[in-house]
Amino acid sequence: MARIELDKVSLTFRVRQRGRITLKEFLVRQMFRRSVNPMIEVQALQEVCLQFHEGERIGIVGHNGAGKSTLLKVLAGIYPPSHGRRIVEGRISSLFDIALGFELDATGWENMAYRGYLQGETPQTIRAKMQPIADFTELGNFLDMPVRYYSAGMLVRLAFSIATAIEPEILLVDEVLSVGDMAFQEKARQRMREMIAKAKLIVLVSHDLVNLTQLCDRAVWMDHGRVRQVGPTAEIIDAYTNSVHAGQSQAA
Amino acid sequence: MGSYVAAIWRCRYFWLSLVKNDLRTRYRRSVLGMGWSLLHPICMTIILTAVFCKLFNQEIRVYAPFVLAGLATWNYILTVVSHGCHCYFIGESYIRQYPAPLAIYPLRTALGGTVHFLLALLVVLMLSWYFNGFANVSALVSLVPTIFLLFIFAWSLAVLAGVANVYFQDTQHLTEVGFQMLFYATPIIYEVEMLQRRNLGWLVHLNPLVSLLELVRQPILAGQIPTAHTYAVAIATVVVTALTAGWTLARLQQRLIFHL
Numbered sequence: 099m100a101r102i103e104l105d106k107v108s109l110t111f112r113v114r115q116r117g118r119i120t121l122k123e124f125l126v127r128q129m130f131r132r133s134v135n136p137m138i139e140v141q142a143l144q145e146v147c148l149q150f151h152e153g154e155r156i157g158i159v160g161h162n163g164a165g166k167s168t169l170l171k172v173l174a175g176i177y178p179p180s181h182g183r184r185i186v187e188g189r190i191s192s193l194f195d196i197a198l199g200f201e202l203d204a205t206g207w208e209n210m211a212y213r214g215y216l217q218g219e220t221p222q223t224i225r226a227k228m229q230p231i232a233d234f235t236e237l238g239n240f241l242d243m244p245v246r247y248y249s250a251g252m253l254v255r256l257a258f259s260i261a262t263a264i265e266p267e268i269l270l271v272d273e274v275l276s277v278g279d280m281a282f283q284e285k286a287r288q289r290m291r292e293m294i295a296k297a298k299l300i301v302l303v304s305h306d307l308v309n310l311t312q313l314c315d316r317a318v319w320m321d322h323g324r325v326r327q328v329g330p331t332a333e334i335i336d337a338y339t340n341s342v343h344a345g346q347s348q349a350a
Numbered sequence: 017m018g019s020y021v022a023a024i025w026r027c028r029y030f031w032l033s034l035v036k037n038d039l040r041t042r043y044r045r046s047v048l049g050m051g052w053s054l055l056h057p058i059c060m061t062i063i064l065t066a067v068f069c070k071l072f073n074q075e076i077r078v079y080a081p082f083v084l085a086g087l088a089t090w091n092y093i094l095t096v097v098s099h100g101c102h103c104y105f106i107g108e109s110y111i112r113q114y115p116a117p118l119a120i121y122p123l124r125t126a127l128g129g130t131v132h133f134l135l136a137l138l139v140v141l142m143l144s145w146y147f148n149g150f151a152n153v154s155a156l157v158s159l160v161p162t163i164f165l166l167f168i169f170a171w172s173l174a175v176l177a178g179v180a181n182v183y184f185q186d187t188q189h190l191t192e193v194g195f196q197m198l199f200y201a202t203p204i205i206y207e208v209e210m211l212q213r214r215n216l217g218w219l220v221h222l223n224p225l226v227s228l229l230e231l232v233r234q235p236i237l238a239g240q241i242p243t244a245h246t247y248a249v250a251i252a253t254v255v256v257t258a259l260t261a262g263w264t265l266a267r268l269q270q271r272l273i274f275h276l
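Chains as they are written, first to last, in our numbering: chain A, 99 to 350; chain B, 17 to 276.
Isolated chain B, as found in the complex (with noise of 0.2 Å):
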């Protein structure tokens, strides 16, 4: 696992310039650069806001940092699980000519996701302190170790779909329409508090996104650090998670390459 580790670390130009590669690509000529990405949860937040304020009498500056934060968090566990679906045949060249460690194509989109998602809390962060102030900087801090546990589960998450992908071709629609549905069973566009008053409380159990949702919302909107116990779901996830990724890699690794 070491030496694993070790090579992975010993190839690290190569899949960094990848995804310095990749971002570059994706806003070559575009005018606002690496804000195209903002674009669509930035959206979506005006859009969710001016109808629940309407509808549901929330308020905005409530409600307007609440949806981005879980827009974003949202987005970036959706785009690294679906373009980490295509990340071997991505890397096809590559991994035909050279042995590398194949943990690192999927390294490369949680990479790539994970810059966007930085991006989008910078928006989140900026939102609330615009509309709220920060009632505590100091719980902000947590949001350091958050960003490593989502980036952790957004590698492990990549390596899943990617190796998913790569034995079974339809593995991405089947994940499009997973992420459908659970998008309407997560607290996105709705507090938790809602679900619980309607007696679906065990679906906010069932649904390990809803920690990881709530360790970036609760600094920042309540200016609170989450609890022992949101903290203990979430890190028992991303460890579930990471272990599978892990292991399936060991298993599955060398054999890959008969299956592109």
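Excised from the complex, chain A in its bound form (with noise of 0.2 Å):
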């Protein structure tokens, strides 16, 4: 049974404006009571309340930093909310930030050995699936050598490929696919197409609005971390079309 619910989830960072703090730096403030490098909050999201069930394919669109991948990473458990509760249920397997997260110095088939036991596989079930996963990636025989010398084409088809060979409950997606090149494109839109058969519940944030229409149908509209609006994907996807137009030609 899987499903997703958050519930008045609110975000907060808070950094610090010039880069870290040292030990001596925090002991002297205490004494002299000045900051110089002070702390600034980031409402990252404010008051998110959804709710996903089983079968449902959401998409996520928005403006770039309106809190779609702090979004996801809350949902995946990474980020902690400042408020508010979240409750998923069901394994969940995530595609983020797809070049990283290897070990540089291990090849290929090392490197898909560690992503799959960080996702929950063991030595038995990951050796099963290596060689079908070696042959998603058609990286032949570069996967022979470390992963350092991979460009970030390799990188995403390799990540990919391991991500999507284990079967997941609850797929989070985050605009992973721009940089494959347009034969690995139209494999990874066929793959996740089987996926999205497969898993029972998928959310994905992207830019492109047609693979959008095409993979969701249901979406969210993200804005400057509050959810402006939820519902059917072409709905969604006019309504947010037409406010950016506008916003155009207000500005123009």
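To be clear, the hints were calculated from the coordinates, so they are not data collected in a lab.
Incorrect hints may appear among the rest.
[Claimed, not checked] Straight-line Cα separation of at most 35 Å, DSBU-like style, residue types lysine-lysine; simulated pairs: (1) 106(A) / 296(A); (2) 285(A) / 296(A); (3) 227(A) / 285(A); (4) 227(A) / 36(B); (5) 285(A) / 36(B); (6) 106(A) / 298(A).
These two chains come separately, so use the hints to put the complex back together.
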């Protein structure tokens, strides 16, 4: 039974204006009570209430910095909400920042194993999946080289193949497909469609509105950390597009 | 707490494979392999033995194993702390993508250090056997719980170092300086009795590392199982460190990602 519920979830980031603080600076500040490196608060998410049920395919749209990726990370359990409740039932598999999370000096095969383990595989299950994953990446002999020498597109192929080789109950995807070449994008889209058919619940962030219309049935429009509108994909995309064009004509 | 340990156990393939990867990466193309990590304490032992035996009339066969045992243990603790400072930055890309118990990143550091320590210990045993034979082989069995105790200590130190370095980025430099000073306040290159003879015995009482060193040295060098008092101090030190580490993780684990 896959289910996601966010009940009035807010997330505030507190960052220092000038990078990390040192212990010496911290002690001096306590003594003199002056702030040369003040904390800034960033309201990433504000009172987000969402409910997703099994069988749904949700798309998330919004401007840059609206909180789409942050929302996905809260769903994945990476950021704890500052307020509100997060309830997620089901095994989560996520595709964020796909070029991260590699051991650079290890080969493609070894990295397949490491990422697989992190997703909950065991040595037996991953061994069976290694060849199918390798075939999907189409990287051939490059898999024997350290990942340090891969291009961004090759990393995307590898990471995408590994992440989609598991059977997820809940799949969270964050704008990952932009780097691959055209042939790979086609394959990836097909694989996503297969996964969508197999996964019970999918949340997808994308700026590719055509993709969203094809893959998702409901959409969420995020605006400056708030949920502006939730509804059927076509409706949301229309509203979002109109708002963007209205904004442009106002500025012009 | 139980569910946390279960969660760590669940991703055991992940951190075990990373430890193997770390060890392999360090020695991927080197002839000696892991022997390189032993080169430093062995060289230090040779130099210190040459100096101290000439200058202070120590016997080589007593002094060399003594110094090597002390250096091996000291290096273990030192490398675990200094690598532990970076463990969360090295694992940052995993932390940002997959929620996992944060204790596994210091665990990776501690396990790598333990492997090197076990190798160094092997060399110490061989050296001691070569010079003196083993007076009491059964005493060596006490090394097994000692190694386990040291591992818990190392893991806790790595947690504390890692978390501290995330919050205050100069932690690593401060620990380097601190450990350099501590090196001379700890009887590694000189005997414990030398301090007590000069009325500096209180240093021994204040320094928690002394009892851990004695747990390693006594079974090998003197063939004796350490006294209950030594065990008590060592276990108390490790328990306090482990509890501090556990408490730190419990309180700060959720917020750590905001500081990375």
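Hints, one by one, checked against the model:
1. 106(A) / 296(A): 30 Å, holds
2. 285(A) / 296(A): 17 Å, holds
3. 227(A) / 285(A): The hint holds at about 18 Å.
4. 227(A) / 36(B): OK: residue 227(A) and residue 36(B) at ~21 Å, within 35 Å.
5. 285(A) / 36(B): 34 Å, holds
6. 106(A) / 298(A): 24 Å, holds
Going down the numbered hints, you'll see the structure goes against none, and every one checks out.
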